[in-house]
Amino acid sequence: MIDLTLSPNDEQVLRAVREEALIARRYARYYDENEHEFPPDQLPEAKDHPSFMTRMGHRGDGDAGMAVLSMLIAMGQTWGDYSVRLRRQERGLGNSALQAAGTDEQKAKWGHLTLAMAITEPGCGSDPSLVRTSARLDGDHWVLNGEKIFVTTGCRAEGVVVWATVDKAAGRGGIKSFLVLKGTPGFIVAHKEKKLGIRADDTAAYVFQDCRIPRDQLLGGDEQVHRESSGGFKGVMKTFNMTRPAVAAIGLGMAEAAIDFTRDALREAGFAITYGPTLAAQPAPVERLMRLEALLEAAQLATIRAAWLADQGQPNNMEASIAKAKAGGAVREITQGCIEILGPMGVSRDHLLEKWFRDVRITDIYEGTGEIQRLIIARTLLGYSRKELK
Amino acid sequence: MISFAMSDEQEAARDSMRGFAAAALRPHARACDEASAIPEAFYAQAWELGLTATQLPEAAGGYGAPRSPVSNAIVLEELAYGDATLALAAVAPSLFAYAIADQGSAAQRQRYLPAFCGTRYQAASLAVNEPHPASTAWQPRTRAERDGAGWVLRGRKCFVPLGDRASHFLVVARAGDALDAFIVPRDAAGLAIGDIEKNLGLKALPTVSLELDGVRVPQEDRLGEQDGCDVTRLLNQSRVAVAAILNGLSRAVLDYCVPYAKERVAFDEPIARKQSIAFRLAEMQMEVESMRWLIWKAASQLERGLDATRSAHLARAYAAEKAMWISDNGIQVLGGHGFIREHPVEMWYRNARTLGVLEGLAAV
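Chains A and B are the protein sequences, given in the same order. Going by numbering that gives the first Met the number 0, the final residue of the first sequence carries number 389, and the count climbs one at a time with no gaps. Going by numbering that gives the first Met the number 0, the final residue of the second sequence carries number 363, and the count climbs one at a time with no gaps.
It is possible that some hints are incorrect.
Straight-line distance between alpha carbons at most 25 Å, and here's what the computed SDA-like set of lysine to any residue pairs gives [said to hold, decoys possible]:
id, chain 1, residue 1, chain 2, residue 2
1, B, LYS273, A, LEU388
2, A, LYS389, B, GLU10
3, A, LYS181, A, GLU146
4, A, LYS389, B, GLU129
5, B, LYS261, A, GLY64
6, A, LYS106, A, SER133
7, B, LYS261, A, SER133
8, A, LYS106, A, GLY64
9, A, LYS389, B, GLY334
10, A, LYS389, B, ALA260
11, A, LYS386, B, LEU253
Derived coverage of chain B by chain A (criterion: at least 3 residues anywhere in the stretch with Cβ under 8 Å from a Cβ of chain A; other residues may be distant) [to be verified]:
id, stretch
12, 37 to 44
13, 133 to 143
14, 312 to 318
Keep in mind the hints are simulated off the structure, nothing from the lab. For clarity, every value in this text was computed on a predicted model and none was experimentally measured. Glycine residues also receive a C-beta, built at the ideal position from the N, C-alpha and C atoms.
Let the sequences and hints guide you as you build the complete structure.
So, in structure tokens, the structure goes:
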């Protein structure tokens, strides 16, 4: 039965998430301005504040599925701050890749670690078939050589899932993913990037120089090696069906914070925010705000829809891209619009709005740009192959 | 609960409406638009579907199915996929009938509902739009003043659907600080019904203006009688309905553009293989889906009896903006052909613009 209202249980969890997020928000400006520092694993307030997890009662039939709930929680957390949390339960994108592509042994062995994901290279962004980092089998070891950039949480992570090619001539089919642990000789964290936004989150560049890893660190096991098809590649691509909605949710949490801030400021300035009278009958700043609110809800629901399909065990490849593309554009328009509504107050560093404006900008880029998402949606819609629509 | 899964009944309703829309709406849409008229036979044919009677109480002769705004949104999307104008002609009486069923007194339900459960098409209508700039149903200029035990109505309404044949109008008016709705028969003294309007879009839907010059309404014809009614809920139901119709219209544009773009060759390949066209189509797909979830959210709130004012407002505003954008881009994808009346896209473009500014056309 179609129903897009939250259960009381879900609402209670999300209220608790927001309470925590508000505590984290107090530290948001500090870690934005001190990019070289990492936020602590636990904020000082953590010891006196029960975790929202404790308020997650027994989950019943009327409650959201786990994928949907994790989107709602992500939105609630980033509503406080992009990466400062009351408590870090650090997990990286590499963990999703391990879950999607690893064998049961591999999941058991490394599942407890924080794993980053290294795909992008100086000469390779949206088109992963250009990956140059190579992996060569030498006895019982793989030997990795190459450079990776834009590795989210790459400094803090305990290990990384690296895309490398075992056969450059095979294109996408030659790309496999390898797990490399920090401290492995030949694995060098070259530097930490300085960014427009999301500064509390570290972004690393790596170099692999004759980096030898045991043979069993090829995700999915040895049988992946001689696969001629791009089956292994597709396995890794599948992780995007969860990480793309997650990235959408992360951006939308901040966009919602921007809208809430703008609405409060307008109210304080004496504007009545009354839902009902048509937009043409609303004062200009209120009309603008309401359009942005509708856009926010549309993107949120598209994201929840993609996650809901995952909860049902249904394919969500196109829907994950819709969520990502929709959110990527929406968060830009929303934060830009909120600043325009508030004027000089919107760009003042006394407030967090200008930070949200910078922080959300990455949403339309990482985990596949908005353009790549549109390509995926268009191919599905038109029934075109990769060759037919480039 | 968060669920996007249709029930078996909803899937069955969707399928049968899709079939009806393909057989009885789409093929006649252009001719009706050109003639600015709907053949009488269509009203009778649509009435046989029992769209309105299904959710009216058994006591009044209805089928007694639970009122389901979500199911109705699904039905409206499918009908409007065939044609928005004919869809409205088929379902416009529901706004009046559901208002009586949901908010009328026992006596009002007994008096008015049986007519909507019969075999003959019964037209009645909500009079909510007004002909002045930046008008909004939330702040009507039409006034209701106390007159002894009853009321006196003064004001002007426009774009009243089925005004050429409606037996009754439900007139929304401001009574003091509150909004109220009054049942006015078409032969009421002081009520002047204008000629059928000529509009940009929904051309075939017979709409009229009303002039209410001291129309007396007894207390027993105030919706809800002594308790009055919640006009907001009425308008929310109407907004979700209009949004669902815009959703169907938008999907129709997209589904027309996709095969066209795959067949139309320019510079040695189908234009769909150009990113500028393919991305535009991808974005249409994104918006057709996104607006549907906003509609379903507002409809779920209505179905649960929650205050849906904000959701219905946002859903309608979003659907209006994006349906306009989609039909605008639909014309662009077809190029010159988009401007030619041989293709339906220019009609959808006019219909989208018209629907986007109206209230009180149908209910979910």
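query = Tell me, which hint numbers fail for this structure?
reply = 2, 4, 5, 7, 12
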